[in-house]
Amino acid sequence: MTDYTRATATEQAAALAAGDVTSVELTQQHLDRIAAVDGPVHAFLHVSDEIALTAAAAVDAARAAGEELPALAGVPIAVKDVLVTEGIPTTAGSRILEGWVPPYDGTVTARLRAARMPILGKTNMDEFAMGSSTEFSGYGPTHNPWDLDRIPGGSGGGSAAAVAAYEAPLAIGSDTGGSIRQPAAVTGTVGVKPTYGGVSRYGAIALASSLDQLGPVARTVADTAALHEVMGGHDPKDATSLDEPVPACTAAVAQGVDGDLKGVKVGVVEQLGGEGYQDGVRSRFEESLDLLRARGAETVEVSCPSFEYALAAYYLILPSEASSNLAKFDSVRFGMRVEKDNVENTMRATRAEGFGDEVKRRIILGTYALSAGYYDAYYGSAQKVRTLIQRDFAAAFGKADVLVSPTTPTTPFKLGERLDDPLAMYLNDVATIPANLAGIPGMSLPAGLAPEDGLPVGFQILAPAHEDARLYRVGAALEADLVASWGGPLLAQAPELEVAK
Amino acid sequence: MSTLTYESALEKYDPVFGIEVHVELNTATKIFCGCANQFGSAPNTNVCPVCIGLPGSMPVTNEKVVESAVRLGLALGCSIRESSRFARKNYFYPDLAKDYQISQYDEPTCYDGELEVVLDDGEVVTVGIERAHIEEDAGKNTHVGGSGGIQGADYSLVDYNRAGVPLVEIVTRPIEGTAERVAEVARAYVATIRDIVKAMDISDGRMEQGSLRADVNLSLRPKAADGEDQSAVPFGKRSETKNVNSLRAIERAIHFEIVRQAGLLDAGQPVHQETRHWHEDTGETTSGRSKEEAEDYRYFPEPDLLPVEPDAAWVESLRGTIPEHPAKRRARLQEEWAFSDLEMRDAVNAGALDLIAATIAAGATPASARKWWLGELARTANDAGTSLDGLAIAPAQVAAVQAMVDEGKLNDKLARQVIEGVLAGEGEPSEVVAARGLEIVSDDSALEAAVDEALAAQPDVLEKIQSGKVQAAGAIVGAVMKATRGQADAGRVREIILQRAGVNP
Chain A
1 MTDYTRATAT EQAAALAAGD VTSVELTQQH LDRIAAVDGP VHAFLHVSDE IALTAAAAVD
61 AARAAGEELP ALAGVPIAVK DVLVTEGIPT TAGSRILEGW VPPYDGTVTA RLRAARMPIL
121 GKTNMDEFAM GSSTEFSGYG PTHNPWDLDR IPGGSGGGSA AAVAAYEAPL AIGSDTGGSI
181 RQPAAVTGTV GVKPTYGGVS RYGAIALASS LDQLGPVART VADTAALHEV MGGHDPKDAT
241 SLDEPVPACT AAVAQGVDGD LKGVKVGVVE QLGGEGYQDG VRSRFEESLD LLRARGAETV
301 EVSCPSFEYA LAAYYLILPS EASSNLAKFD SVRFGMRVEK DNVENTMRAT RAEGFGDEVK
361 RRIILGTYAL SAGYYDAYYG SAQKVRTLIQ RDFAAAFGKA DVLVSPTTPT TPFKLGERLD
421 DPLAMYLNDV ATIPANLAGI PGMSLPAGLA PEDGLPVGFQ ILAPAHEDAR LYRVGAALEA
481 DLVASWGGPL LAQAPELEVA K
Chain B
1 MSTLTYESAL EKYDPVFGIE VHVELNTATK IFCGCANQFG SAPNTNVCPV CIGLPGSMPV
61 TNEKVVESAV RLGLALGCSI RESSRFARKN YFYPDLAKDY QISQYDEPTC YDGELEVVLD
121 DGEVVTVGIE RAHIEEDAGK NTHVGGSGGI QGADYSLVDY NRAGVPLVEI VTRPIEGTAE
181 RVAEVARAYV ATIRDIVKAM DISDGRMEQG SLRADVNLSL RPKAADGEDQ SAVPFGKRSE
241 TKNVNSLRAI ERAIHFEIVR QAGLLDAGQP VHQETRHWHE DTGETTSGRS KEEAEDYRYF
301 PEPDLLPVEP DAAWVESLRG TIPEHPAKRR ARLQEEWAFS DLEMRDAVNA GALDLIAATI
361 AAGATPASAR KWWLGELART ANDAGTSLDG LAIAPAQVAA VQAMVDEGKL NDKLARQVIE
421 GVLAGEGEPS EVVAARGLEI VSDDSALEAA VDEALAAQPD VLEKIQSGKV QAAGAIVGAV
481 MKATRGQADA GRVREIILQR AGVNP
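Those protein sequences? They're chains A and B, same order as listed.
Take the first sequence: its position 249, counted from the start at 1, is 249 in the numbering used here, and no numbers get skipped.
Take the second sequence: its position 26, counted from the start at 1, is 26 in the numbering used here, and no numbers get skipped.
By construction, these hints were calculated from the structure, which means they are not laboratory data.
Everything numeric in this text was worked out from a predicted model, so none of it was measured.
Treat the hints with caution; some may be incorrect.
Ranges between beta-carbon positions, derived for each pair [as the list claims (entries may be wrong)]:
#1 A:Lys265 - B:Glu82: 35 to 43 angstroms
#2 B:Pro174 - A:Ala114: 55 to 63 angstroms
#3 B:Gln38 - A:Ala248: 43 to 51 angstroms
#4 A:Glu98 - B:Asp389: 52 to 60 angstroms
#5 B:Glu82 - A:Gly488: 56 to 64 angstroms
Ideal Cβ placement from N, Cα and C applies to all residues, glycine included.
Please model the complete structure; the sequences and the hints are all you need to start from.
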C-alpha cells in the first residue's frame, strides 16, 4: 500500500475522498511512523492510538454511508499538550499535571472532532509554553529531526518536530511570543499565529492570556490555511474571541500560487535583521525578498524604533500574567498533590515539586512585577511600551501591506547550549514577540538552509490585525517560488531518521 | 484597661464608621459561566470547568449581572462608568478556585453616589457611597475536626456551588457626625440597602443565608471641644469587623467596638488597624490579621474579559426601572393610608406593605386591608410557619371578600370562612361562598321568625329588654345567630329584636 505519511494534508484529504486510502489506514500509517521514529525525536508526550483509530473508523463508515464530510475529515492531527482534550491526558508539559485527564474539550479540540480529524496524541512543549527549545518540558526535550542534537524550537517543538518527521501531517500549536513560528523556522515547517482573538483560547491552558493564540502547524502554507479555517471563528466561550468570519485562508493561498504580487508592498523591518543575525539567515532572507520582487511585489524599508523595548516589555507582561494564571495549580482540585500537615504547606510543597525551574523563575518575576510599589514601574511601563509597539506597527502598515523579517536570528542551536543563559534563550524570540504584543497575525515558512550549517532558516510575514489572508497569499506565492528553486519541498533535503524495529 | 460604658465612651469620643455590603445577586446563572446560581443545592453540583477553575477554562461576563449592578448603582445615586475593566485579586485559598478573584479594582462600574437613610423617628441621614463594584463570590470551606479552623482541622471540605455567584460590593465613604446614633444609622443603612435590593428584585437580601453580608469599619477620635469643628479632628485607627450578618449584630458589633476602642484609648494604648472577626454567640470581636501584614493582592487588569461598557441609552432606560426609595415610599404610603406610626411599623415588620398596597389597589380601604393582612392572615401565616406572601391568597381575593362584607353579603365570621376556603384552594371567594352556602341571611321575614322563636323561648329576657335592660338582647342575638348558623347580620337581628320588644333602638 502507498505510504501517505509524506503527503501533505491536502493530498491526504484528496486520497481519502477518492477512496485511495481509508482514514483507518492513514491513521495507522502515522501511528506506525510515530512508533518507528518518535523514540529519538520525542515529539509526543502521549499517543492516543485507540481514540484516533476509533475516530478514523467512524469517518470511514460515514464516508461509506455517503455522508457529506468536512474537507479534512479523516486526516489525522497532533495536538500540542497545551490544549485540553477530553479523555486524553493533558499536562502542558508540566509534572504538576501528570496524569490529569480533562473532563472537557477545548473549543479547538471540539472543532477538530467536529471536522472529523482523528487526534493522534499530544505533543511535547516547554512547561506551560515557557521556553524556546522544549528543553524546559517536564518530560525531557524534543529533538530536531534535521539534527537530533539540536533544539526543535519552543515552546511548540513537539508539534513542529512531529510534522517535520512525518509523524503527523498537521498539528495544533500555540504562540505567545513565537512558540509556533520559531519552531517552524528551525524545523523547516510552516506555522501561523492568527490575529489575537481569531482562534478561541477556550481550553488552551493559559500562559499569558493577552498574548496567547492557538494556530496551525503543517508542512505547507496551503495545509496551514486549511487547518486555520477549521480552528478559527467566533466562540462565545472566549470573551476575547473576535466576532467576525474566519479569514478566507485557502482562497488567499490559491490567489498567491496562481497570481502575481503586483501592487503588494512588502515592508522590511529595519530593526528585525542585520546585526546579531546569522549570515546564512540573512542571505536566505535576501534571496526570498528577490523572489517576492520577481513576482511583482515592491519592497520598502520600514522602521519600528520601539521594537528595541519589545523583549523587555514582553518579559514583564508574560511573567505577570503567568504568575496569576498558574496560581490555580494548587493541588486542591486536580493534578499533583504533595500532602503535608496543612493546606498551605501542601500547596507550597506541591508547587515546589511540580513546577520546573523556568516556570518558577517566571512566576517569581511576575509576582515581583505586580507587587505593590513596583506595578507602575514594571507592568505599567511594559503596557506603555506595548502601546508604542502597536503605534510602530500602525505606522509601518501605513507604508506596507505586509512586513517581513527572518523568523529567528539563528538556525537551531544545540541542546543544552543556552540552558544556563536565560537571556540568550530569550533572544531567540526577538523577531516574533512584537506581533504578540500588538495582537497581529504572523507566519513563518521555510526559506532554505543556511549555507554554513545546512540547517533551516525561517521567513516571517506579518500582517495587520484581521488581515490573516494576506499572510497566506504572500506566503503561498513565496513558497511556490522557493519550492520550484529547490526542485521540491525543503523537508525532502532533511536526513532520513533511523527507523526503530 | 478601664471599662467604660457605651454611653460614656460616646461622651468622650466621636465615632466614624464605614460599611461594606456584599449583595449576592439573584441572577439565574453565575457571573462567568452558565451554572445555576442557587442556594442550598447538594455540594459541588452547580459547577463546571469555569467556576472550579480547571486549566484552560475562561470566564464570560453574564450581562444580567451588569444590568443588576447598574440598576443598583442608579438606585444608590451613583454615576455609571462608561468603561470598567475587571481586575484580578490574587491570593491563595482553597475556596478560591483560580486562586484569584475576578473583581473590579480601580474602575468600579458604579461610583460617587449617596443614599438617604431614614431613622425610626424620621430623621434623615445621607450616606455617601464611594463605589459599588461587581465581583465573583468564592466557594465555601468547611473545616472538620481538630481545631475547626483551616490550620488545625482534621480535614476540610470545599463546596464550589457559591464560586462564581455574582456579587455587588457597596462601599460607603466614612460616615461622620452620627455620635450617639451611630449604631442606629449603621443598622438603618444596611436595612435600607436590603429593602432596595428586595424591592428591585435583584437579590434575596437574606442576611441569614449570606445573600447580604456586611463588614463594619469603625474608628474613634477625641470629641472636639465646644465650639470647635469636629470634622477637623483627624480620624483614629480603624478596625474592620468582618461578616456581621444581621441587623441586630451590626448594632451589637458597633457597641462592642466603641467600648473596646475607647477602653484602649483611655488607657493610652494604640488601636491597631486590623481585621476583626465577629462572634454572634458572645457579642464580641476578636483580632484577625493586622493590616500591616496584609497580603499584597497584586491587582492587574483581567486579560480574559472585555471591559464592562454599558451603553448610555441602555443605562437611561434602566433608570426608569428604579423603584422609589423604600423609606420615602413608606412615608408616602403612611400618609396616604392614614396609618399610625405603630400600625405602619407593624405592617413593615410583617412584610405586608406590598400586599396591603395591592389589596387597596384592588378596591379595599386601607383600614380593612391592614385588618386582614395583620390579623387573620398574619395568624394563619404564623401558624403555618410561612411568610405572608407565601400564603395561597392574592390581594385581589382579599379585596373581593372585603367588598362582600361592605355590601352586607358577608359578616366577619362568614368572611373568615371564605378566606379559609380560598386558602384551602377551594377557588375564588364567590365560588367558596356558593359552594359552602355562606351568603348572609338578609331576608327579614326569616330573621323575624327566628327572633320570635327565640323570644318565645326566653320570656324572661324579653321582660328584661322591655324594662330597659337593652343589653340583655345579646342573649337573643346569640340564639338567632346559632339558629341561622351564623349567616345573619347581627346588627340587623338586634334591630328586629328591639322592634319586636317594642323598644326604640
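Against the structure, the hints come out as follows:
1. A:Lys265 - B:Glu82: 35 to 43 angstroms: holds (38 angstroms)
2. B:Pro174 - A:Ala114: 55 to 63 angstroms: Distance hint for B:Pro174, A:Ala114 holds at roughly 57 angstroms.
3. B:Gln38 - A:Ala248: 43 to 51 angstroms: Taking Cβ atoms as reference, B:Gln38 and A:Ala248 lie about 45 angstroms apart, which means the hint holds.
4. A:Glu98 - B:Asp389: 52 to 60 angstroms: Holds, since A:Glu98 and B:Asp389 (Cβ atoms, about 55 angstroms apart) stay within the stated range.
5. B:Glu82 - A:Gly488: 56 to 64 angstroms: Distance hint for B:Glu82, A:Gly488 holds at roughly 58 angstroms.
Hint compliance for this structure: no hint is broken.
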